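Participant: Listed here are the chains, written in short residue letters.
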Amino acid sequence: MNEGLCADIKLANDFQPDMMRIVRKYNLTDDVRFFQVRPMEEQKALTLCYNPGQFMMVSRLGVGEAPFSISSTPSRPGLLEFCIREVGQVTQSIFRLNENDSIGVRGPYGNGFPMERLKGRDLVITMGGLGAAPLRSLILYALDNRDDFGEIYLLHGAKKPGEMLFKTEFFDMIERKDVNTMLTVDADDTGKWPAKVGLVTTLFKDIKQIDPANTFAAICGPPVMYKFVIQELLKLKIPKNQILLSLERRMKCGIGKCGHCVVKHIYTCMDGPVFSYWDVINMKELIY
Amino acid sequence: MRVLKLRKKDLKKMLEKISSFGELWAPVKKGDKFAFQKIDNLNDVDPNAGRTILPLKKFMVPPRFSMFRYDKDGYHEQLGEVTDRVVFGAHACDINGLLILDKVFAEEFSDPYYIERRKRTAIIGVSCVPDEFCFCKETNTDTVDEGYDLFFSELGDDFLVWVGSSKGDDMVRAAEELFDENISVKDIQKFIEWKKWRETQFKMDIDLTAMPDIFELKIDDKVWEKIGEKCLACGSCSMVCPTCNCFNVTDTVALGKMEGTRDRCWDACTLHEYSLVAGGHNFRGSRADRMKLWYTHKLQAFIGEFGKPSCVGCGRCITTCPVDINVKTVAKTLRGEEVYFK
Ligand SMILES: Cc1cc2nc3c(=O)[nH]c(=O)nc-3n(C[C@H](O)[C@H](O)[C@H](O)COP(=O)(O)OP(=O)(O)OC[C@H]3O[C@@H](n4cnc5c(N)ncnc54)[C@H](O)[C@@H]3O)c2cc1C
Ligand code: SF4
Ligand code: SF4
Ligand code: FES
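Each protein sequence line maps, in turn, to chains W and G.
Each residue of the first sequence is one higher than the one before, starting from 4 at the first, in this note's numbering.
Each residue of the second sequence is one higher than the one before, starting from -3 at the first, in this note's numbering.
Think of the hints as simulated: they come from the structure by calculation, not from any bench.
Note that the structure is predicted; figures quoted are calculated from it, not measured.
Fair warning: there could be bad hints in the mix.
What the hints assert, rightly or not - Reference listing, derived: stretches of chain W covered by chain G, where coverage requires no fewer than 3 residues with Cβ under 8 Å from a Cβ of chain G:
#, region
1, 113 to 120
2, 266 to 274
Said to hold, decoys possible - No more than 35 Å apart at the CA atoms, straight line, and that leaves these computed lysine-lysine pairs for DSBU-like:
#, chain 1, residue 1, chain 2, residue 2
3, W, 267, G, 133
4, G, 1, W, 267
5, W, 267, G, 13
6, W, 230, G, 222
7, G, 4, G, 214
8, G, 13, G, 1
9, W, 267, G, 54
10, G, 68, G, 133
11, W, 267, G, 253
12, G, 222, G, 13
13, W, 230, G, 214
14, W, 267, G, 4
15, G, 54, G, 1
16, W, 267, G, 328
17, G, 338, W, 267
18, W, 267, G, 115
19, W, 195, W, 122
20, W, 163, W, 230
21, G, 186, W, 267
22, W, 180, W, 243
23, G, 226, W, 230
24, G, 253, W, 47
25, W, 238, G, 218
26, W, 243, G, 214
27, G, 99, W, 267
28, G, 214, W, 238
29, G, 192, G, 99
30, W, 240, G, 214
Backbone N, C-alpha and C define an ideal beta-carbon position, used for all residues, glycine too.
Only chain G is shown next, with the shape it has when bound in the complex:
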C-alpha cells in the first residue's frame, strides 16, 4: 500500500485541492454530539471529532428514497439523487461496518442503489482515540485495512496517509505537492508508540469471550424476557447501528393517477410489525424474541454466515438506548451478572 505523510496544518489546503472529487462531508459538533454534515467552511472540519450520531450507512442507504417511478408502462429505475461525495473523518469501526454492509449489499444479488452510492462516496478515514463507550478492540475492528480510499493516522504534527484505492491515489495526486513520500525510521517509531498508547486508552469493561457459545446455551433463558420487558420498541438502536441494514418497501400513489413511486425506508426488527406473516401470525410477537434476534445477529452469528458477529464496537447502542439495553448490558446479563436496566 502506498503510504505518505501530510502535515496537519496542510489538511485544509489538501481538502480544498480535492474539492473536485465531490461535496465534502465531515463530523460537526451538534450539542454534545457529532453528526456528519456537509461542510461549507473548512474551519468546521475537526479531525479529532468523536463518534457521530448516525454511522456511514446513511450515505450508502439513505433513510428513505425512491427505487422506482412507475406509470402504466411499468417500473422505471430511479437511482435517486446520487452526488459525488467525500466523507472525511470516518473511524475504523465505522469503515469495518461498511465492509459488513458491502457483504450484504454488494455480493449475491447486488443492490444497485447501494453500489452507486458506495462508488460515488470517497471515504477518508482518520485514526481516533476511544472514549468510555468504545470497545472496538474487543470486536477486532479497531483497525481497518480496506474499504476506504484514504486513511489518516495520527503522527504528531503530521498524518500518516494510507492510500487504499485508485480514487484515493487520484486524490493524493490532486494535491501531490502537500504530501511527503519520505517516511523516516523516527516516524515509524512514533506511529508504533502512538498505537501502543491508543491500546491503553480502552476503558470499557466488556467481555465477549465465547459469546457465540453463550448464546447457544442461553437461547431459551429467562433473561430474554427481562430484557424484552424493558425494551420500548422505539427502534433507535437499529437506526444508529452501523451494521443494521433492514428496510421496508412501500408504494406511494400520486393522487388520482396511475403513477407513483416504490420507496424504500429504514426498518427495525425491534418494531412490532416487522415479522408478521399472512394471517396475522407474528413469529416474533414478543419483545423478548425480537431482542433475541437483534443480539444474536450482533453477537453470535451474522446472518448470511459470514463467520463472525456483526458488532463493530462503536458504542452507539450504549449512548442511544433510553433504557440501557445494549451490547454491554446484554453480554453481562448473559454471563449471569446482575444488570440493572433503567
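The following block holds chain W by itself, in its conformation from the complex:
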C-alpha cells in the first residue's frame, strides 16, 4: 500500500479491552447499580485520565460490549465508576458480577464536556434518571476545582424518591453553600420526601444568580426531558451554543469505525456524545 499512510501507525489494538477488578458495587435503585472498578495493571490505574462526559466500552466475556458513561471524576484518580441499568444481555451479565470479579473495559472515548471552555463560567446542570451518570462526573469535577467556576446550579429530577440516583450524595450537596442543589420528584409515593415535588422544569424559576451570557448549561436525561428543559434554559437567555447535551446512540465500537452511531455525517461516538444545542438544532434525528 501507499507509504506514509500506514507505515508509521503503531499497532496498538483499540478494540482490546483491559481487564479491571470490581472494587465495590451496590444498588442505587431497584434496577440501577453502582460499580467501582480499578485496572488490574497498576501502571494503567496510575495513568488513567479522562474528561467528564466521556464513556467507556464495557465487555462481558461471551456476552458482548456496551457503552457506559464514566460517573467518577478525573480529579479522584485510580478508579472508574459507572452506574448501570439492567436492560438487556450485557447489563444483566454485568449485574451477576461480584466484588473482586474482573471485567473488560476500554476507553475513554468521545469528546466529553469542554472543560477548558467551562472554566470561569456559571454552570446550570440538569439531570433526570440515568442522566446522573455522566453529569455526576461533571459536578464532582467542578466541586473539586471549585475556584475555577462561578455559580453552580444542580437540578435533579426523578419520577419518584426510589428512582433518584446518588440520593445521599446529592442530599449532602444541599448542605453545601457553594452549590445550589435542587432535587425534585414528579410524585412522592413515600410521603416522606423532604425535597421538592414537581417536574424538573418547575425548578428553573429559582435560578437567580447567573449571568446568562457567561453560563454553560449541561443536560442529560430521558429523551422527553430535553425539549422542555431546553425551553427553560432559552427563557433564561443562555445562548444556544452554551447549552450542552449528552446524547445516546447504539454503539458497537466507540471509535468511529462501525457506523452504528452515525447521524448524517456525525459520529456520535467521536464527535459526541456531548453536543451543543446549536449543533443539533437542525439535525432532527439527534434529539426527538
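On the provided structure of chain W, position chain G with the ligands as indicated by the hints.
Facilitator: Structure of chain G with the ligands alone, referenced to chain W:
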C-alpha cells in the same frame, strides 16, 4: 512516479515472476458477472474484466472474522488468517473506494485488522472502459494517483505501468527484464488519445451537480417516504458498495466453556435492528429514514467530514438493488424528476 512499459503478451510471465509476493487474485467470470477469485491458472486472468460483484473491501475487511479469542484470563488478539495477496485487476473507482476506507480505518483509532490486511494485500490496478452503469467521471473517481502498488494503463499492445509504492517497485524489480524504461513521444500520444476516447465512453445519464445542497433542501421531503416504501431492507446495497464500512460485533461462546471468540461481521444501516437504542427506541425506525442516512452518506457528506461524498461511481447499487433504488434514481427523484421504481 516511476513509469514503465510492459508488453501485454508478457503479462502472464510477469504475474508468474511476482508469485512470491502472495496469492494471486483477479476477477474471474461468474455467470454474466465477475468476481475476485484466487487464480490457480494464469490463463484465467482477464485484464479487461468488468466490475466485480464485491469490491476490494472484502480483502481488507472480510465479511466475518474473529477479532479476539477469550478465556478466563481475558481477550487475546486474533488477527486471523492474514495471507499475503496480490490483487490484480482493480479499477480506479474501487481504488478510490479503498482510499475512503483508509480514512475511516487507518486514521484516528486505527483498526489493526484492516491495516494488517491492507499492508499485506498488493493492489495492481488496471484501466477500464466504462459500461452503461459506470459514472465515476461524475464523482471524480475515474482516475487514481495513490492507494495502489502498480497501475496498468492501456497502451495498445503494451501497458503503461505506474509504480505507486515501494512494494510495487519491488514487484517490478522481480521481473525487471520484462519492463521497458523507454517511453516514447508516440507512447505518450497514444496514452492521451486513449484517455480522450475513454472520456467519450461514459453513457450513464446522471447529474450530481449541487447534490449536497439539494439534500439539505429536501431532507424532509416526501420523496423519502416513497423510496422507503419500496426498499425491501435486504441490505444488498451495503454489501456491494465499496465505501460501506459498517459492522456488528458479537461474542460467540464455545459450548459449556469459559472460552469463545469476539467476532465482527458486515452490517447494513438499511436493516431494521441497526439503530435501536436501549429501551427499544429506534431512531431510524422507518425505512425512509434509513434510506435517507444511506444516501446522505453517499451523496451529501461523508461521515467524519472528509469534505466530499463517498460514492465512487462504481454502479454496483444500480446493478444490485432488486427494486431499482440506487444513486441514479435517488438523485433523479431528488431533482424532482418522475422515477418509477420496480
Ligand atoms: C454514550 C453512552 C453512554 C451510556 N451510558 C450509560 C450509563 O451510564 N448507564 C447505563 O445503564 N446505560 C448507559 N448507556 C446505555 C447502554 O449502553 C445500553 O443500555 C446498553 O446497550 C445495554 O446493553 P444490553 O446488552 O444490556 O442491552 P441490549 O440487549 O442491547 O438491549 C437494551 C435494550 O434495547 C433494546 N434492544 C437493543 N437491541 C435490540 C434488538 N436488536 N432488538 C430489539 N430490541 C433491542 C431492548 O429493548 C433492550 O431493552 C449509554 C449509552 C451510550 C451510547
Ligand atoms: S453508492 Fe452505488 S455507485 Fe456509489 S460507490 Fe456505492 S455502490 Fe458504487
Ligand atoms: S435499497 Fe435496494 S438493495 Fe438496498 S436494502 Fe433496499 S431493496 Fe435492498
Ligand atoms: S460506535 Fe462505532 S462508529 Fe460510533
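Participant: Would the pair residue 99/G and residue 267/W pass a check requiring their Cα atoms to be no farther apart than 35 Å?
Facilitator: 17 Å, holds
Participant: Taking 35 Å as the top limit, are the C-alpha atoms of residue 267/W and residue 13/G close enough?
Facilitator: 47 Å, violated
Participant: Would you mind confirming whether the straight-line C-alpha gap from residue 214/G to residue 238/W stays at or under 35 Å?
Facilitator: 31 Å, holds
Participant: Compare the distance between the alpha carbons of residue 1/G and residue 267/W with 35 Å, and conclude whether the hinted pair is satisfied.
Facilitator: 45 Å, violated
Participant: Decide if the proposed pair is consistent with the structure: residue 338/G and residue 267/W, CA atoms, cutoff 35 Å inclusive.
Facilitator: 27 Å, holds
Participant: Take a quick look at whether residue 267/W and residue 4/G sit within 35 Å of each other, Cα to Cα.
Facilitator: 46 Å, violated
Participant: Holds or violated: are the alpha carbons of residue 267/W and residue 328/G at most 35 Å from each other?
Facilitator: 20 Å, holds
Participant: Residue 238/W and residue 218/G were given as a pair; does the straight-line alpha-carbon distance stay at or below 35 Å?
Facilitator: Since the Cα atoms of residue 238/W and residue 218/G sit roughly 34 Å apart, the hinted pair holds (cutoff 35 Å).
Participant: Quick one, are residue 267/W and residue 54/G close enough, alpha carbons at most 35 Å?
Facilitator: 25 Å, holds
Participant: Do at least three Cβ atoms from the region 266 to 274 of chain W come closer than 8 Å to Cβ atoms of chain G?
Facilitator: holds (count 6)
Participant: Please verify whether residue 195/W and residue 122/W have alpha carbons no more than 35 Å apart.
Facilitator: This hinted pair is violated, its Cα atoms lying about 38 Å apart.
Participant: Verify the proposed pairing of residue 180/W with residue 243/W, using a straight-line Cα cut of 35 Å.
Facilitator: 29 Å, holds
The structure fails to meet hints 1, 4, 5, 7, 10, 11, 12, 14, 19 and 21 from the earlier list, while all remaining hints are met.
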